[in-house]
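Protein chains in written order, with numbering that gives the first Met the number 0: chain A, 0 to 336; chain D, 0 to 336.
Some clues are possibly wrong.
Which copy is meant is left open, so a pair is good if it fits within one copy or across any two.
[Claimed, not checked] Only pairs whose alpha carbons sit at most 16 Å apart, straight line, appear in this in silico EDC-like list of lysine to aspartate or glutamate: (1) LYS14 x ASP310; (2) LYS195 x ASP28; (3) LYS331 x GLU157; (4) LYS14 x ASP112; (5) LYS32 x GLU157; (6) LYS32 x ASP107; (7) LYS331 x GLU106; (8) LYS20 x GLU34; (9) LYS20 x ASP112.
Keep in mind that the hints were calculated from the coordinates and are not lab data.
Protein chains: 2
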Amino acid sequence: MKYADSGVNIDAATKALARSKKSIRSTWDDRVKNEMGAFGGLFQAAPGEPLLVASVDGVGTKVMIARMAGRYNTVGQDLVNHCVDDILVQGAEPLFFLDYFATSKLEDDVLPDIIEGFAIGCRENGAALLGGETAEMPGVYSAGEFDLAGTIVGRVREEDVIDGSRIAAGDKVWGLPSTGLHTNGYSLARAVLFDKAGYTVNDTPDELGGTSVGDALLAVHRSYLNPVRAMWAEFGRDAIRGLCHITGGGFYDNIPRVIPDGLCVNVDPTAWTPLPIFSLIGARGGVANSEMYRVFNMGIGLVVIAPAGIDLGRIEGAGAVLIGEVSAGDDKVKLPF
Amino acid sequence: MKYADSGVNIDAATKALARSKKSIRSTWDDRVKNEMGAFGGLFQAAPGEPLLVASVDGVGTKVMIARMAGRYNTVGQDLVNHCVDDILVQGAEPLFFLDYFATSKLEDDVLPDIIEGFAIGCRENGAALLGGETAEMPGVYSAGEFDLAGTIVGRVREEDVIDGSRIAAGDKVWGLPSTGLHTNGYSLARAVLFDKAGYTVNDTPDELGGTSVGDALLAVHRSYLNPVRAMWAEFGRDAIRGLCHITGGGFYDNIPRVIPDGLCVNVDPTAWTPLPIFSLIGARGGVANSEMYRVFNMGIGLVVIAPAGIDLGRIEGAGAVLIGEVSAGDDKVKLPF
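Using the sequences plus the hints, can you model the full thing?
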């Protein structure tokens, strides 16, 4: 199976956005400090001030897993952590978060659980849950379904922005473990696990070693804020030359977002063992590795690039694993499939 | 008809949010400067700094009118202008905006038009379109349907925050005209105009004086940024003691959000003529005035409170009309129905 078979067409979105670049740029002036396609937008309200860094996201069809499992207090955490990671990769720490929740029909017990999830995520990352909007839209949403979106705003001093420009050939590439799919690839996962393999969220296939399909799929997106703070504290801000959040588009689409022209990240996928949920999806769906690494994070949620000689494995609790190195080259990212 | 008959239950949302207040507050520290229920959240990253003001919103089922009319480049403007007005009422001017767009299936021509609408709105308000997220979620959204959410961030100097605390008995209450429903009450409007009265978006009932139902319903939410800037320039910031965006919940729910305890805004609804679209909805739906003024803005999108002697009618292009005054009282807002 391929991602497109599950009804999601990444190329369609990419094409539509390419047509819109000019529109978007027409709203920018010299206060906008990022290029198109960055994880977060960088905005400097006045010269010399710290930069505000903002990002918006959803959790995709992970919301449908939450509904199938009747567990509503984790997707909000997913979304906060996802957003935190999106601005962290540019060096920013979070200030506040705002949420949007919309559904076909408001049910008494769902919304408070959803909001509790946002609150847990915000507390854990030191962000204020500064605003929210709730909408009941019968007809727009399918019966019983809901969607979430969230926006985070953080900031970073101008001299601390991480934009990948200091990455050099010979740098080492580290991976920090993910907890599962995080917030991407759920349409393919659902097509394989539920439609093709016939599992329910309560099934416990041997491959998951006792964990249910629902638990594996709902594992909360990891915030990398504290591990990265620990790296900065231990080695200094300059030692972290590049950070990449492995989100929609997997290794192939995300790593090039932070790698300068003329360099290539060579990823050795034998350096770590993908989480069981990925092996299960690959096997049951007959999904090629080239597709798996394009859709999923495969067990690595954050890629960190640091000079040789910096041992990120020393950072307790981070779980950093050496997964490759940077070389001269035109491909930006290479995997052996 | 009542709003609840159209499938939207404002009370359910209010109750659920009341249950969540403690969760939300658990994420706040002394950097959060607003009370629960403010139009925008106020955040001061460090003492003495200007406050960041942020708000998130959607356009409700106005998205369904856009789809019925096949016109996709206005709802983005609606959302930007709505958000601009939500932070303007606390004295803030916009910095940047981020959008979220999700649909059942990405269609080639819809997304670029949607984004163009966001870009127009951002350019007109001097805000950067700093980020966006697009999601294709078959199953969550009904076939062909889509939803939008947007988040704005602006800022205001600490001494310029408008929180209503300077409002006093004897102050005058001004109304600035809306262009139509703006972004609220569309579920009731659709139930009355399409389901009950049987109109299509192309019909031109006599009451609308040549305008089609679709055009009247898609009229773009007005940004009050420039009129309010003109008031500040003409009379000084201190002369504007209260600003209230008439959004979901109409006069009854929004005016109390900015009125101090012990004061009451007495609105004289004969001071202006509601736009024809409201008269049409009221008549065709048999909707009581008490319900109309609770759901719709009735032709007044922004309420401005200023001391007696300040003639806001002098501000060219603002269209300010005197609609009432502030007196001592416990009701916060009074209308004659």
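Structure-based check of all given hints:
Taking the shortest Cα distances, LYS14 and ASP310 never come within 16 Å of each other, neither inside one copy (40 Å) nor across copies (52 Å). Taking the shortest Cα distances, LYS195 and ASP28 never come within 16 Å of each other, neither inside one copy (49 Å) nor across copies (48 Å). In this homomeric assembly, LYS331 and GLU157 never come within 16 Å of each other (Cα to Cα): the closest approach is 26 Å inside a single copy and 46 Å across copies. In this assembly of identical chains, the alpha carbons of LYS14 and ASP112 lie at most 16 Å apart only when taken from different copies (13 Å versus 37 Å within one copy).
For a Cα distance limit of 16 Å, the shortest separation of LYS32 from GLU157 inside one copy, 10 Å, qualifies, whereas the shortest one across copies, 26 Å, does not. Taking the closest pair of Cα atoms, LYS32 and ASP107 never come within 16 Å of each other, the shortest separation being 43 Å inside a single copy and 29 Å across copies. Taking identical chains as interchangeable, the C-alpha atoms of LYS331 and GLU106 are never at most 16 Å apart, the minima being 47 Å within one chain and 31 Å between chains. Proximity of LYS20 and GLU34 under a CA criterion of 16 Å is satisfied intra-copy only: 11 Å inside one chain copy versus 38 Å between copies.
Taking CA atoms no more than 16 Å apart as the test, LYS20 paired with ASP112 passes between copies only; the shortest distance there is 12 Å, against 37 Å inside one copy.
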